[in-house]
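Q: As they're listed, the protein sequences go chains S and C. Under this note's numbering, think of the first position of the first sequence as 80, with each following residue one higher. Under this note's numbering, think of the first position of the second sequence as 5, with each following residue one higher.
None of these hints come from the bench; they were simulated from the model. Every residue gets a Cβ at the ideal spot worked out from N, C-alpha and C, and that includes glycine. Treat the hints loosely; a few may be bogus.
[Unchecked claim] Among chain C residues calculated to face chain S with C-beta under 7 Å, some are:
#1 Asn104
#2 Met150
#3 Gly186
#4 Thr190
#5 Thr195
#6 Met202
#7 Pro203
#8 Ser651
[Stated by the list, open to error] Now the stretches of chain C that chain S is said to cover, found in silico as 3 or more residues with beta-carbon under 8 Å:
#9 127-136
#10 141-148
#11 175-181
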Amino acid sequence: LLYLILAMMLSFMAVSGMLSEQALRRIGLQRERPARLFATVPGTFGVRLTNGKRRLSSYALHLAEPDLAGGPTPRCFFLKVGPQERRTWRYSLTFPRRGWQRLPGLRLSTRFPFGLFTKSSRPLQTDPVLVYPAVRPLGAGEIPPALERNWRERHRRGRGAGLYNLRPYRPGDDPRLLHWKTTARTGELVLREREEEERARIRLILEDPLPGAAAEAVEADLAYAASVAAHAIRIGALVELVTADGILEAGAGEEHLERILERLAVYATPATPRSLHLPAGSTREVRVRLGAQNRGEAGA
Amino acid sequence: MSFPFLFKLTLYGLTLDALVALYLTDIVTGPALVAVGATMLASWWVDRLHPFIPNFRKLWNLITIAFLVYAVLDLALLAESFMAAVTHLLLFLLTYKLYNARHHRDLLDIFLLTFLMLVSSCLFTTSFGFLLVFCLYIVLGVWGFMLFHLRREADLAMPEQSRAALAAPGFITSSLLYSSLGVVLTALILTLSIFFLMPRLGRTFLSLQGQVGSLSTGFTDRVELGIYGAIQKDPTIVMRVSFADEVRAPERLPHIRWRGVAFDQFDGRAWTLSERARSPIRRVRDGHAFQASSIVGVPFLSYEVVLEPTGTATLFGLHHVTAILGRLPEVTADGADGLALPAPPAGPVRYLATSQQERAPDAWRRQTVRAADYPQKIRDTYLQLPAITPRVQALALTLAAGSARPLEIARSVESYLSDNLRYDLDLGTDSGLDPIDDFLFERKSGNCEYFAAAMAILLRAAGVPARVVNGFQRGEWNDVGRFFAVRQRDAHSWVEVFTPGAGWVTFDPSPRAAFEAQAFGPSGRLAQHLDALRMRWHRYVVDYNVGDQALVATKLRTQSALLRGRLTIAWTSWSFAARRSLRTFWRNYGSAALLLAGLLGTLWVLGRRTKTGQMMASWLLRTRDRRTVSFYDRMLVILARRGWSLSPAVTPRELLASLLGRPQMHQTAAELIALYERVRFGGEMLTSADGARANLLLRELERAAK
């Protein structure tokens with residue numbers, strides 16, 4: 080009869096494997112990413128877990144994704160996910176570096192039913208994500224003088240390109256200036272008013288680091304440059320970015336900030352400093368020598 | 005049923021199951037087991053006991069110390085065996101854990117202890133009841149481990165909410181019950197499959213104690229008269245015997261008696277065997293052991309015996325066993341053709357035996373034999389007589405009537421006894437007289453022992469060598485399992501008479517057939533089914549071995565070869581017929597079929613390449629796309645029936661805005677449109693739950709629109 084006991088133990092193992100497989104079968108995972116990711120700043124991710132099985136529930140499911148910054152691995156436990164049920168989990172991940180990064184991989188696992196074995200799915204990975212340099216509020220001593228002038232009073236209605244205001248359409252207004260999205264949303268004709276062109280304009284100049292500059296210092300200066308750009312955009316300035324890789328034309332608004340951050344995120348430190356080609360025209364400048372920690376400003 | 009209650013119930017169910025498993029082993033007596041079980045069950049309310057016992061932990065520490073002292077004494081002096089002491093320890097540990105289960109580890113220990121109890125019981129029992137205990141353990145074990153795992157995982161992952169989550173009303177659902185039932189069935193099927201397929205590496209003879217059964221006194225070297233009186237009321241099954249397939253109707257075979265031991269000496273009270281020395285019988289390969297040479301011209305009978313452990317080492321078989329096959333330890337034979345093992349087996353013993361069928365020796369009936377014709381050894385041994393009374397001697401001479409034909413004398417004595425004396429199991433009190441004299445002339449009734457003893461004594465007194473044989477009569481034929489179920493109450497004694505020509509010939513003077521027909525009715529159909537199940541349990545589980553596996557493999561191979569052959573023949577004949585039909589069809593309709601195929605091909609190419617075909621394809625695709633959001637189309641149809649504008653330029657949100665005046669419709673349509681947007685533009689899959697919800701909303705919308 081010992082053979083019978085042995086057979087029972089083996090069958091328990093086999094059943095355990097089958098049930099684990101069943102628990103993970105037809106479990107769909109959809110990842111939700113934050114719109115922006117900044118280095119060293121926790122970003123909130125979301126996972127939507129769907130049990131696609133028609134009749135069977137899944138029990139004791141674990142979700143985990145290692146933290147790239149070495150922090151504790153975010154984990155989630157679902158005791159039961161009913162048939163066709165959808166559950167959501169939000170968690171934070173921190174990326175230690177800027178640039179294109181791969182997510183560590185979300186892993187679904189279970190030890191159901193007996194805790195004898197762990198059955199894991201293949202890690203769920205998505206396309207690489209672009210991590211911007213860390214953006215932080217600038218301290219009082221860190222705001223460049225070029226951004227401290229009282230130029231914001233010039234922010235008024237005009238004929239420039241930036242958006243100043245939205246208002247209801249009045250007969251006689253230029254129909255080309257209708258803001259269609261808002262019109263569609265509200266059901267009433269809404270006009271887009273532009274702002275005065277004479278707003279503050281700064282040129283953010285990034286100089287390549289000198290040979291031997293510490294990588295940490297370069298990263299810190301990139302973060303500073305990103306913070307300056309964010310500060311400038313948020314107070315309404317037009318920002319032009321000049322690096323050895325090229326020039327990003329002056330612009331305003333969150334979309335422009337995105338473009339600046341993208342440039343900064345993919346900046347690769349060259350072996351030797353490259354020369355900068357500054358465009359003609361006088362404007363206020365914020366000059367950052369990467370890795371030198373000696374940000375300076377020149378105005379015209 | 006809530007999770008905590010179900011889990012507790014499963015845990016205690018497993019505990020009780022393990023206790024019953026131990027009960028089957030006889031290691032723990034029934035009353036002791038009831039006491040232990042009650043103590044364990046009382047731990048169900050241990051949480052309520054805590055407030056009344058202030059130093060609960062200290063109390064258990066004291067109990068543990070006391071038990072450790074007892075355990076040492078138990079191991080050294082008290083317990084019947086080492087395993088018995090271990091079992092007592094297991095029982096204490098389980099009780100301790102049930103009263104002190106605080107952590108997951110304690111619960112795991114309880115599972116482990118019940119498992120160890122099951123394992124230890126399987127070493128000591130081969131009872132059919134173990135199958136039930138085992139199946140129940142699988143059911144409860146699967147349940148218990150599953151629930152325990154869920155509880156542990158929940159406690160570890162969400163310590164604060166685990167209790168609430170597990171006790172939530174919707175947690176134990178019917179789907180969980182059904183799926184776990186499926187799991188249990190799968191586990192059972194797998195267990196049985198693995199059990200039968202697992203290669204047997206050998207056979208372990210565990211040093212178990214042989215069971216002392218009531219047969220231990222009936223088949224020894226000395227058997228007192230009257231010992232069968234008690235045995236013959238016991239319905240316990242001693243053995244089951246099935247015949248080989250060649251024997252068409254074993255139940256109709258004549259003269260079936262299961263011979264055990266024969267005795268040659270009678271001292272007036274007890275039968276003994278004078279030649280006590282036992283010689284091992286010859287062993288050959290594959291476990292065959294041949295005992296006796298065969299008699300030419302007499303047919304053979306092969307049968308399989310499954311002997312229960314009833315306390316006797318005797319092996320039973322039909323008259324004149326010529327060969328015996330089985331995984332047996334040494335088999336010995338005594339001077340009167342009795343076969344036996346060295347010791348009473350602890351578990352069931354299975355062996356195949358071959359005997360030669362006994363025939364009525366008509367040719368020898370009229371043979372005249374003088375005293376000098378008997379071999380000296382026969383005369384010395386089988387004509388021995390104790391002091392008998394004169395009237396017994398006179399009766400013997402009267403029945404012999406001066407005949408010199410031993411078989412005729414035997415027939416005469418047999419007839420006298422069976423016709424003039426009454427069969428009775430109630431032997432009354434000992435009168436102090438000579439038992440045979442008392443039986444023949446005073447009481448005139450007795451059981452088979454008295455009949456056999458009286459016949460042997462009368463024959464010897466008449467100068468005919470005779471001996472008494474103890475064994476069993478044929479038993480009850482089980483039509484379901486097709487075997488003879490031989491019970492203790494079938495214990496029987498008869499007589500063998502020696503003639504120089506025919507050898508030992510069987511005579512049975514007991515008129516017990518009529519008595520038994522009145523005393524014991526045939527078993528019911530259900531009882532037969534149960535007994536057949538027990539037989540199979542022993543045959544295919546307890547004693548399943550590598551030989552059986554080889555047999556199954558051979559049968560499978562034979563059957564598969566047969567099947568392959570049949571399939572080949574069927575395929576050959578079918579393909580031949582198909583080819584012939586195809587040729588006929590081609591001859592008659594070949595041109596038309598070609599034309600049709602060409603036409604269809606052309607249409608297909610045109611459909612693929614022309615604009616019309618592409619439009620059809622796109623329409624099909626559109627249909628497929630629409631299928632997922634068809635509920636939206638149905639909503640539009642419902643609204644259109646009620647007069648809402650459905651211009652293609654109207655967006656879902658505009659449509660929704662137009663329903664603002666009908667709040668109920670607006671609410672329903674808003675949910676439908678949100679679902680539509682999620683599926684149509686959000687890239688989400690429409691789950692069946694979503695589909696069901698959409699159908700419900702559509703019905704609501706229809707009602708609201710009326």
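Q: Decide, hint by hint, whether the structure agrees.
A: Hint check results:
The interface hint given for C/Asn104 is broken, as the beta carbon of that residue sits about 22 Å from the closest beta carbon of chain S, more than 7 Å. With a cut of 7 Å, the hint placing C/Met150 at the interface with chain S holds, because the nearest CB-to-CB distance is about 4 Å. Evaluation of the C/Gly186 hint against chain S yields a violated restraint, the C-beta minimum of about 10 Å exceeding 7 Å. The beta carbon of C/Thr190 comes within 6 Å of a beta carbon in chain S, closer than 7 Å, and the hint placing it at the interface holds.
Because the closest C-beta pair between C/Thr195 and chain S is about 4 Å apart, less than 7 Å, the hint holds. About 6 Å separates the beta-carbon of C/Met202 from the nearest beta-carbon of chain S, less than 7 Å, and the hint is met. Contact between C/Pro203 and chain S, as hinted, is not supported at the beta carbon level, the nearest pair being about 10 Å apart and thus beyond 7 Å. Interface restraint check: C/Ser651 against chain S, minimum CB-CB distance 16 Å, threshold 7 Å, status violated.
With 4 residues having a beta carbon nearer than 8 Å to a beta carbon of chain S, the region 127-136 of chain C meets the requirement of three or more and the stated coverage holds. Counting residues of the region 141-148 of chain C whose beta-carbon sits less than 8 Å from any beta-carbon of chain S gives 4, enough to reach three: the coverage restraint holds. Chain S is given as covering the region 175-181 of chain C, and this holds because 4 residues of the stretch bring a CB closer than 8 Å to a CB of that chain, at least three being needed.
Taken one by one, the earlier hints fail for this structure at numbers 1, 3, 7 and 8, listed in ascending order.
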